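S.K.: Given chain Z, put chain X in place with the hints provided.
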Amino acid sequence: MYGNDFVDPNDPGAGPLNAADGGAVEAAAAHVDRRSEIDLSDFDAIIAADQRVEPRDVMPEEYRQTLIRQIAQHAHSEIIGMQPEGNWITRAPSLRRKAILIAKVQDEAGHGLYLYSAAETLGIDRAELLDRLHNGKQKYSSIFNYPTLTWADIGAIGWLVDGAAIMNQVPLCRCSYGPYARAMIRTCKEESFHQRQGFELLWDLVRGTEAQKAMAQDAVNRWWWPALAMFGPRDTGEHATGGHTAQSMAWGIKRFSNDDLRQRFVDMTVPQAERIGITIPDPKLAWNAERGHYDFGDIDWDEFWRVLKGDGACNAQRMARRVTSHEQGAWVRDAAAAYAAKQAARQQAAAGEGSAA
Amino acid sequence: MTDTTTAIQAAYLLGLGDDALIYSHRLGSWLTWAPLLEEDMALANISLDLIGQARAIYTYVGANDGTGRSEDDIAYWRDEREFRNVHLVEQPRGDFGQEMARMLWFSAYQRELYAGLAGSRDAQVRAIAAKAVKEVRYHLDHASQWVVRLGDGTPESRDRMVAAFSWVAPYIAELFEDDAASVAAAEAGVGVLPSSLRAAAEATVAAVLAEATLEPPAVSRWHARGGRDGVHSEPMGYLIAEMQHLPRSHPGAAW
Numbered sequence: 395m396y397g398n399d400f401v402d403p404n405d406p407g408a409g410p411l412n413a414a415d416g417g418a419v420e421a422a423a424a425h426v427d428r429r430s431e432i433d434l435s436d437f438d439a440i441i442a443a444d445q446r447v448e449p450r451d452v453m454p455e456e457y458r459q460t461l462i463r464q465i466a467q468h469a470h471s472e473i474i475g476m477q478p479e480g481n482w483i484t485r486a487p488s489l490r491r492k493a494i495l496i497a498k499v500q501d502e503a504g505h506g507l508y509l510y511s512a513a514e515t516l517g518i519d520r521a522e523l524l525d526r527l528h529n530g531k532q533k534y535s536s537i538f539n540y541p542t543l544t545w546a547d548i549g550a551i552g553w554l555v556d557g558a559a560i561m562n563q564v565p566l567c568r569c570s571y572g573p574y575a576r577a578m579i580r581t582c583k584e585e586s587f588h589q590r591q592g593f594e595l596l597w598d599l600v601r602g603t604e605a606q607k608a609m610a611q612d613a614v615n616r617w618w619w620p621a622l623a624m625f626g627p628r629d630t631g632e633h634a635t636g637g638h639t640a641q642s643m644a645w646g647i648k649r650f651s652n653d654d655l656r657q658r659f660v661d662m663t664v665p666q667a668e669r670i671g672i673t674i675p676d677p678k679l680a681w682n683a684e685r686g687h688y689d690f691g692d693i694d695w696d697e698f699w700r701v702l703k704g705d706g707a708c709n710a711q712r713m714a715r716r717v718t719s720h721e722q723g724a725w726v727r728d729a730a731a732a733y734a735a736k737q738a739a740r741q742q743a744a745a746g747e748g749s750a751a
Numbered sequence: 055m056t057d058t059t060t061a062i063q064a065a066y067l068l069g070l071g072d073d074a075l076i077y078s079h080r081l082g083s084w085l086t087w088a089p090l091l092e093e094d095m096a097l098a099n100i101s102l103d104l105i106g107q108a109r110a111i112y113t114y115v116g117a118n119d120g121t122g123r124s125e126d127d128i129a130y131w132r133d134e135r136e137f138r139n140v141h142l143v144e145q146p147r148g149d150f151g152q153e154m155a156r157m158l159w160f161s162a163y164q165r166e167l168y169a170g171l172a173g174s175r176d177a178q179v180r181a182i183a184a185k186a187v188k189e190v191r192y193h194l195d196h197a198s199q200w201v202v203r204l205g206d207g208t209p210e211s212r213d214r215m216v217a218a219f220s221w222v223a224p225y226i227a228e229l230f231e232d233d234a235a236s237v238a239a240a241e242a243g244v245g246v247l248p249s250s251l252r253a254a255a256e257a258t259v260a261a262v263l264a265e266a267t268l269e270p271p272a273v274s275r276w277h278a279r280g281g282r283d284g285v286h287s288e289p290m291g292y293l294i295a296e297m298q299h300l301p302r303s304h305p306g307a308a309w
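Line by line, the protein sequences are chains Z and X. Residue numbers are given in our numbering: position 33 of the first sequence equals residue 427, and the series is strictly consecutive. Residue numbers are given in our numbering: position 80 of the second sequence equals residue 134, and the series is strictly consecutive.
The hints are simulated quantities; they were obtained by calculation from the structure and are not laboratory data. Note that this is a predicted model, so its numbers are computed, not measured. Even glycine gets a Cβ: it sits at the ideal position worked out from N, Cα and C. Please note: incorrect hints may appear among the correct ones.
To be verified - DEER-style ranges, computed between Cβ atoms: (1) Z:Glu522 <-> X:Gly243: 36 to 44 angstroms; (2) X:Asp133 <-> Z:Asp519: 37 to 45 angstroms; (3) X:Arg135 <-> Z:Glu420: 49 to 57 angstroms; (4) Z:Arg740 <-> X:Arg147: 28 to 36 angstroms; (5) X:Asp133 <-> Z:Gln737: 48 to 56 angstroms; (6) Z:Gln737 <-> X:Tyr192: 17 to 25 angstroms.
Bound-form chain Z, shown alone:
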């Protein structure tokens, strides 16, 4: 389809645009509950039967802690991710794009909420998780430590970052922990929409003026490699020993290796770049007929670890903004709690008077 200007970016016949497009989310949503056939006091039996673990079930403490850490990190990523995109709300170049962007950032707040709620089912509350984010004990996705410098970055984030996130999240729709799996089903459907909007944004830029086309290419140049790094360190072949991958797979939390997901993402995205008319900034990128996959160049893992450890363009800025915002809102949350307590006391007093009468 390369070079064909008549391809409609929204034409479903042109193939799926992201991992949520091909029916995998619907398949996960159609999961059949056979918990009644299993001894629910046997965690291993639930996992072996590919059934969902629910909040009141017995579960190993490490499983609980792994999920809390992973779901919280995911929730934190959603709310920190609001910052780079929110950065362009007041500068969106058309009213339609402005409305789309506001709705997208709003959805991210919503995803944060579903995820914090899912984490709360594991016996921890949102305030505690936010404290852990604010004091650096828990992380968010390192991708959001990169700055959004031009309008095209909003398209690149939608297309590449959301595309990579969906690739990661679609298997999580079948995660062994029920509340997380269900939150992912809802999230993936919305993320799929966002990814499509990002694709369309870049599509329009590439079909615009030379300056717009250059803006789109520059954004993809800056976001491509960080998007590939989003899948995390290598965890197959000689790299297979370290990390959490093996345990998470045994527990049915993780279904595919980082490397497998990264390869799928590359395979899905390269043809889309050709459709858009944009160049992937990787001279080693080439179709390998023997493997049936694209070969691609080496990720700069030094950069990945550097940014992860705090030395990225926006690490300090994102955290400072998050903490400042939270502190500035403290008086509002305190007032809401005080008012609720007063109302409860008033109702109790009224009920007391009622029963006395």
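M.R.: Same frame as chain Z, but now just chain X:
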């Protein structure tokens, strides 16, 4: 719109559209700064409703005032002096209490406005108002609940709400001032006189203040004026510069 009244009616409607767009823009800047995630979502929702109102009004005006302008031509290619919004909506984001005080007044005003426009002689204006009035009812409810909670919350929140209503007070009179465009639009049966909305909106706000255990603020020595003539306050220039910069840097480009 008829030929003879087109320009003046367009001016009236643009004022309403500009109020919605500029307030949507300010509310959009709250995202990531709200005191709770739920509130990020609520403020985004209200911002989206308002940008929707602006787009509907701009599209209608552009298609019918003889200029053939698109919604984006109207939003991005007019200069500051051509914007007809009131000063209230262009003020920069303050604290959350100030936002709720501003939203309470603005939504109380807009509710009366759109309820009145539901009886407009212009079918398209009626349709826009019928949709908007439902949205604005929610905005009013949202602001009212927060004003009550914050007014009757902690000593700090109460102090902040007293300050918030004093901050907003000088911007209220302008909402209800009649100008040539609104008088003409009202006479043509297309619009409503802003002054006719005042009593009902004030009663709405007074009831919320009473429930919040807050006294009405003292009358301020000055009040804002001139927005409907395109004479704005200083923050407006920065808002317009930021909002319009990208399309204006790329004349002729589509986004």
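S.K.: Hint by hint, say whether it matches the structure.
M.R.: Results of checking the hints against the structure:
1. Z:Glu522 <-> X:Gly243: 36 to 44 angstroms: violated, 59 angstroms
2. X:Asp133 <-> Z:Asp519: 37 to 45 angstroms: violated, 51 angstroms
3. X:Arg135 <-> Z:Glu420: 49 to 57 angstroms: About 53 angstroms separates the Cβ atoms of Arg135 (chain X) and Glu420 (chain Z), which means 49 to 57 angstroms holds.
4. Z:Arg740 <-> X:Arg147: 28 to 36 angstroms: holds, 33 angstroms
5. X:Asp133 <-> Z:Gln737: 48 to 56 angstroms: holds, 49 angstroms
6. Z:Gln737 <-> X:Tyr192: 17 to 25 angstroms: At roughly 21 angstroms between Cβ atoms, Tyr192 (chain X) and Gln737 (chain Z) fall inside 17 to 25 angstroms, so the hint holds.
In this structure, the earlier hints numbered 1, 2 are contradicted, and the remaining ones agree with it.
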